[in-house]
Amino acid sequence: LAKTTQPISMDSYEGQEVNITCSHNNIATNDYITWYQQFPSQGPRFIIQGYKTKVTNEVASLFIPADRKSSTLSLPRVSLSDTAVYYCLVARMDSSYKLIFGSGTRLLVRP
Amino acid sequence: GAVVSQHPSRVICKSGTSVKIECRSLDFQATTMFWYRQFPKQSLMLMATSNEGSKATYEQGVEKDKFLINHASLTLSTLTVTSAHPEDSSFYICSARVGGLSPLHFGNGTRLTVT
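Top to bottom, those sequences are chains A and B.
Read left to right, the first sequence gives residues 211 to 321 (this note's numbering).
Read left to right, the second sequence gives residues 13 to 127 (this note's numbering).
Careful, some of the hints might be misleading.
[To be verified] Keeping only pairs whose Cα atoms sit at most 30 Å apart, straight-line, the calculated BS3-like set for lysine-lysine is:
no., chain 1, residue 1, chain 2, residue 2
1, A, K279, A, K264
2, B, K53, B, K78
3, A, K264, B, K26
4, B, K53, A, K308
5, B, K76, A, K262
6, B, K32, B, K53
7, B, K26, B, K76
8, A, K213, A, K262
9, B, K26, B, K53
10, A, K264, B, K67
11, B, K53, A, K279
12, B, K67, B, K32
13, B, K76, A, K213
14, B, K32, B, K76
15, B, K53, B, K76
16, A, K213, B, K78
17, A, K262, A, K308
18, B, K78, A, K308
19, B, K26, A, K213
20, B, K67, A, K213
[Stated by the list, open to error] Pulled from the structure, derived: some chain A residues nowhere near chain B, Cβ distances all over 10 Å:
no., residue
21, K213
22, P254
23, V269
[Said to hold, decoys possible] Just a few of them, taken from the derived set where beta-carbon distance is under 10 Å, the chain B residues facing chain A:
no., residue
24, L56
25, K76
26, S114
27, P115
Read the hints as simulated data drawn from the structure, not as lab findings.
Every residue gets a Cβ at the ideal spot worked out from N, C-alpha and C, and that includes glycine.
My request is simple: use the sequences and hints to build the entire structure.
Here you go:
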């Protein structure tokens, strides 16, 4: 499984766009990139998943360059409620699927 | 869709007793479920992969005789912490997925406190 590296923490202010970059240099051909959000004392919540280029949903965008060795989660106009830990994960979408969590990025949104 | 329900949300037990945690996929069938534990201020650690109808696969360092996993149906997996000790106090989280390209969905976790 490809190891992921992301910043330990980030600070932002309400209304700003936040971009969290994750590196996964050893990503394999069959691997997908997935991002989760976790609040204290809750299970992680799925945010977005992608394989290449750009994926967008109602809460975030995911940018993946052509070499797929990194990815960037973009949160538009964050609010205080976006303060959480964000995890970038890489997983193979086959029978060997499992998610191994790294340290995550602790995002603090200030008023 | 893809809701995973976990019960109980919190439990306190005495040292030496056993505790069972249930994980249900409410609106989908899950041939595979995963169990994690999380200590305060730390990331999630994968404990085991639960396969319906077969034995669970445990990660290195996880005692299979202490953390019994049963995946008896396509919608239910249970984790039993046997002879619990204070060091087993942790946040236990289960997860499941439909398969294919679907992501993993997590339950809301169980806070276990062993006194």
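Practice prompt. Decide, holds or violated, for the assertion that all CB atoms of chain B are farther than 10 Å from the CB of V269 of chain A.
Written response: Check passes; 14 Å lies beyond 10 Å.
Worksheet item: CA of K53 of chain B to CA of K279 of chain A, is that 30 Å or under?
Response: 28 Å, holds
Worksheet item: Does K67 of chain B lie within 30 Å of K264 of chain A when you go C-alpha to C-alpha?
Response: 39 Å, violated
Worksheet item: Is it true that the CA of K213 of chain A sits at most 30 Å from the CA of K262 of chain A?
Response: At roughly 18 Å apart (the allowed maximum being 30 Å), K262 of chain A and K213 of chain A satisfy the hint.
Worksheet item: For the pair supplied as a hint, K67 of chain B and K213 of chain A, is the alpha-carbon distance within the 30 Å limit?
Response: Holds, because 27 Å separates the two Cα atoms, which is no more than 30 Å.
Fill in: Residue hint L56 of chain B, partner chain A, criterion CB-CB below 10 Å
4 Å, holds
Item to complete: Mind checking the alpha carbons of K26 of chain B and K53 of chain B for me, to see if they're no more than 30 Å apart?
Response: 24 Å, holds
Item to complete: Quickly compare the C-alpha distance for K264 of chain A and K26 of chain B to 30 Å and report which way the hint goes.
Response: 50 Å, violated
Fill in: Interface hint status, S114 of chain B versus chain A (Cβ within 10 Å)
It holds, given that the least Cβ distance between S114 of chain B and chain A is near 9 Å, below 10 Å.
Discussion item. Would the hint on K76 of chain B be counted as holding, given a Cβ-Cβ threshold of 10 Å to chain A?
Written reply: 17 Å, violated
Worksheet item: Is the nearest Cβ of chain B still more than 10 Å from the Cβ of P254 of chain A?
Response: About 5 Å separates P254 of chain A from the closest Cβ of chain B, which leaves it inside 10 Å; violated.
Worksheet item: Does K264 of chain A lie within 30 Å of K279 of chain A when you go C-alpha to C-alpha?
Response: 14 Å, holds
The structure is inconsistent with the numbered hints 3, 5, 10, 19, 22, 25, although it conforms to all the rest.
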